[in-house]
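Work out the full structure: start from the sequences and follow the hints.
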Amino acid sequence: MCLAVPGKVISSEGPDKVVVDVKGNRIAAWSGLVENVKPGEFVLVHAGCIIGRLDEEEAGDILGLLDHALSSTLSS
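Heads up, the sequence shown is in this note's numbering, so the first residue is 1109 and it goes up one at a time.
Hints were generated in silico from the structure; no laboratory data involved. Glycine included, every Cβ here is placed at the ideal spot set by N, Cα and C. It is possible that part of the hints are untrue.
The calculated DSS-like cross-link candidates involving lysine-lysine, where the alpha carbons are at most 27 Å apart (straight line), are [claimed, not checked]:
no., residue 1, residue 2
1, Lys1131, Lys1146
2, Lys1146, Lys1116
3, Lys1131, Lys1116
4, Lys1125, Lys1146
The following label-pair restraints were derived from C-beta to C-beta distances [claimed, not checked]:
no., residue 1, residue 2, range
5, Ser1119, Ser1180, 31 to 39 Å
6, Ala1155, Ala1177, 16 to 24 Å
7, Cys1110, Leu1182, 18 to 26 Å
8, Glu1121, Ile1159, 12 to 20 Å
9, Ser1120, Ser1183, 38 to 46 Å
10, Ser1179, Leu1141, 14 to 22 Å
11, Gly1172, Glu1121, 37 to 45 Å
So this is what it looks like as structure tokens:
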């Protein structure tokens, strides 16, 4: 199963290329599907592609749910 994960754009690396921080991991992502992605914005990343924007609260909520799901799975 593939999940989309929230992250914060750290920098722009060229046309449609950005670096995104996802829980302390920096990943390269393609931003061609979402216009004018800028450093400091929260985004949703799937398979190396930014597929949408989020506000900080939405990003935190999603990360919290993913953390909870992972901890529940590992403790089973």
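Between Ser1120 and Ser1183, does the C-beta distance stay in 38 to 46 Å?
For Ser1183 against Ser1120, whose Cβ atoms are near 40 Å apart, the range 38 to 46 Å holds.
Could you see if the CB distance from Glu1121 to Ile1159 stays within 12 to 20 Å?
Once the Cβ atoms are compared, 18 Å apart, the range 12 to 20 Å for Ile1159 and Glu1121 holds.
When you take the CB atoms of Ser1119 and Ser1180, is the distance between them in 31 to 39 Å?
At roughly 34 Å between Cβ atoms, Ser1180 and Ser1119 fall inside 31 to 39 Å, so the hint holds.
Lys1146 paired with Lys1116 [C-alpha distance capped at 27 Å]:
holds, 10 Å
Restraint check for Lys1125 with Lys1146, where alpha carbons must lie at most 27 Å apart:
holds, 11 Å
Tell me if the straight-line CA distance from Lys1131 to Lys1146 falls inside 27 Å.
The hint holds at about 18 Å.
Holds or violated: 18 to 26 Å for the Cβ distance of Cys1110 and Leu1182?
holds, 19 Å
Within 37 to 45 Å or not, the Cβ separation of Gly1172 and Glu1121?
Violated: the Cβ-Cβ distance is about 29 Å, outside 37 to 45 Å.
Just to be careful, I want the Cα atoms of Lys1131 and Lys1116 compared with a cutoff of 27 Å; is the pair within it?
Judged against 27 Å, a Cα distance of about 9 Å means the pair holds.
Distance restraint evaluation - Ala1155, Ala1177, Cβ atoms, bounds 16 to 24 Å:
holds, 19 Å
Just tell me: holds or violated, for the beta carbon distance of Ser1179 and Leu1141 against 14 to 22 Å?
violated, 31 Å
Violation of the numbered hints given earlier is confined to hints 10, 11; the remaining hints are satisfied by the structure.
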